[in-house]
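Q: For reference, the chains in residue letters:
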Amino acid sequence: MTNQQDSMHACPACGLLCDDISGDAIARQQFSCGKAAKFYARVSTGAQPQIAGRAASLTDAVAAAVAVLKQANTPLVAGSSTDVHGARALVRLAQHTGAAMTHMNASSTLRNMKVLQHRGWQTTTLTEVRNRADVILMIGTDVVTHNTRFFDRVVWVDDAMFTDPAARKIIYLGGDKLSTKPGISPDGRAPEVIACAAEHLPEVVATLRALVMDKPVTVASVAGIAVSTLKTLADTLKAAKYATLVWVSKDLHYDHAELTIENITETVVALNQKSRAMGLSMGGSDGDTSVNYAHTWLNGVIIDAPEWESHDAVVWVNSYSPDAMPPAGTGPVIVLGAPDSQFDVTPAVFIPVATPGLDCNGQQFRVDGSVTLPLTAAKPSDLPTLSQVVALIEAQLQGDLA
Amino acid sequence: MITLLKNAKVIDPANHKDGVVQDIYIRDGRIIAKPADSEKIGQVHDLNGKIVMAGAIDMHSHIGGGKVNIARMLLPEYQAMRRLEEPEAHICGANCSHHATPNTTDTGMRYIEMGYTAAFEPAILAVNARQAHMEMGDTPMIDKGGYAMLGNDDYFLRLLSQNADQKTINDYVAWTLHATQTIGIKVVNPGGISAFKFNERRQDLDQQHSHYHITPRRILQALSRAVNEIGIAKPLHVHCNNLGVAGNFQTTLDTMGASDGLPMHLTHIQFHSYGTEGDKKFSSAAANIAEAINSNKHITADVGQILFGQTVTASGDNMMQHLNAKVANPKKSVIMDIECDAGCGVVPFKYRDQNYVNALQWAIGLEVFLSVDDPWRVFLTTDHPNGAPFTSYPHLIRLLMDKTFRNDAFDKLNLDAQAMSNLKSLDREYSLYEIATMTRSAPAKLIGLQDRGHLGVGAAADITVYTDQADKEAMFAKPDLVFKDGELVVKEGKVVKVVWGATHTAKPAFDVGVEKDIKQYFDRYHTMQMNNFKISNDHIAEDGRNHVINHAQG
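Heads up: the sequence lines are chains A and B, in that order.
Per numbering that gives the first Met the number 0, the first sequence starts with residue 0, numbered consecutively.
Per numbering that gives the first Met the number 0, the second sequence starts with residue 0, numbered consecutively.
The following block holds chain A by itself, in its conformation from the complex:
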């Protein structure tokens, strides 16, 4: 094996986890993805723990964090932007402090989880799509806003085992401000765009499901889309060898959007009675899949939605989103997070920790859930890991109890 292979990194900047990032590309800052460029441009040097905005030693900052946690009756572990190792540490910290635990993407994660727990679903993963999908229907999303290289890595590839990648049919159904240019095939074939605002997707997707199930639809149009257009779409899906219905739960951000997702996944279930189709949930960031999965195997339940008002202290982890902070008015806040964090409001305690995939190694789930990739330190630093800092906090909490 060559050194070049060994220096390939998996990029945790989004849920796609592209693992073809060479050390050379990082050194030269040459990326085909803005999210990766931004991630690998981050600088961890010079960060120092702080208590109420003033520089402090790690020991003192840990003691200050412990003092906050001991005074709190109902702490909350939130943000949780980290990897599997970090998730394990946070679950442990939550258990030891009696804290609830959530993630900065909880609302979009739970939109999907509601569907899984209510009806289940039938889904696929990226390599299957890459090799099989002949029709890709993107519902309410362009995907690339979240996963920049989706088309490069999965759709317009050179080779596929069971389909001609260049001949794939790409269809966008609804959504706001979509970037559909990546859906143009390598030979210049434009994707089909069936436009409607995201807020009209509930009735449009319900109609599509009805048509796929051969139920009578008596109106001529839905949200400005001719039913005949949707009928043609339903027939295209039925005729496909491997139709893939893609959604991004973050893009379906209206009330009860889980019902739209369920109509997407139940359309897949209906298609699979006679032909083959699968759902594909894309997006993902900040280790949301990792944190929800690890929380599930460690606790037996999925993560919670945050109820900010009912907590009197917050442990905030923002490793992949240095700008992200809890809503104003929650407090006191202990940030165990990005060394390059940006604070509008000074937290009670700030302890910079190593970012997995940048400063230290780690493991992260890809957005499709079945693949986990090792993260390697692209720019190793001597910052402590989240697990190490949590261990220091726990040791002192236990020592004080003993």
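Be careful, since some hints might not be right.
[As the list claims (entries may be wrong)] Which bits of chain A does chain B cover? Going by a derived footprint, with three or more residues having C-beta under 8 angstroms, they are: (1) 65–78; (2) 121–127; (3) 265–276.
No lab work stands behind these hints: they were computed from the structure.
From the three backbone atoms N, C-alpha and C, an ideal C-beta is built for every residue, glycine too.
With chain A fixed as given, assemble chain B onto it according to the hints.
A: This is chain B only, laid out in the frame that chain A set:
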């Protein structure tokens, strides 16, 4: 320090001991010969003739990986909060689990409390192995290991369809064991998971795969030969075609012949022992299956007993689980195609004793247990959680050991099912020696754990101490003492010390040249680098608790 277990009544089939009263000495986690009188004994447990067996080994239990975690997510309506006591609370705090799909902490705790010291995840999707190991790494108290799934992955099917030579197949199989840190190879619905992706709904043993034009029989031949030739102990672990289908016993019988006499293990055979007789066209073929096992010495089987109650089934067999989803209870299911590697299907079931099919399934499993002569070749499993959670093993053991108890349970079944079963004519009652064989000695031998499953000098000191009781369920539910690698970890059925166990693997030699072609395949068709598919020892040891124990093969 030396620990002495005095006056142990040893039941140790591997060493042909059935109730021999003797002393056992332990040092550094191992059983040692009687030390010199000059050596100091640190700890003495006078057992006064209590029953002593090696720690039990579950050779087929879904304890970690993608489909298990989906199963954990799937039934929030059955989850309940519990407050645990120390030392369990020390690592899990407030705990919330459905009993059929316990979280990782619960899994380890419940196993060790029953005197089980190892469990093997039987369906690790190669591409999902990293997750399975992360979950098993978070499972305390017991040793772990797994079998990697092959036979539906497109790389292997391409090899076969291109008439690759057996050496290439052998190298790929051995490479997979290394890459996935597993100890055995499993095939699930050979060719069927792949065929489902091409819109096929059934795959019979001698039916050609619609795309690759090879048969499941050919897949079984190639894989059983590979496993045999690379020299690992664990025979090919086979989940036959036609899971759960009435009349599938013929497929199962035919499958026994597919390895040309090479060792093969047929898993959860209860689900593959169904006939089509009677008004309901669903009947027991346990007698045919047991007879075939008895006469085919190259075949071993675990039962996959069902027990009544709510569970969640989690299988790699997405083709058949897609059919089973129609009878899901509650009505929901997850079906996945995964990475040109495999698939999964997660379907909740509620087995009811008044349901004809369920009642007969219960009887069929017990008929198989009682009709297979050799306890070295039939294994005690519920295919956790698919037939029932592993926590029901003490109940199952009592059903095997206590004919009156079994017949009383039978009398409560659906009457039509009773009419279709010969269970009451089977008088056999398993002995403690036979139970020890099927839960200790035989699984260790099958998997190739030379130093586990027995109490001879040199064995790992995984030891369970029971009080002999008439009620075998009570006896096996709550051992007096359990030692894990020589440390006392359970007292009176309660965990007194938290330990983390290890991960057992098999890494036979192979020609690393095979990797060149595998890498080309990854680069051409996959969405990850081959190097990231491979799991290192360091990844198993991550977070400092787990470690790899590799077993020399051959």
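Q: Would you mind marking each hint as holding or not holding in the structure?
A: Consistency of the hints with the structure:
1. 65–78: violated (count 0)
2. 121–127: holds (count 7)
3. 265–276: As far as the region 265–276 of chain A goes, the hint holds, because 3 residues have Cβ atoms under 8 angstroms from chain B.
In summary, the structure is inconsistent with hint 1 from the numbered list given earlier, while agreeing with all the others.
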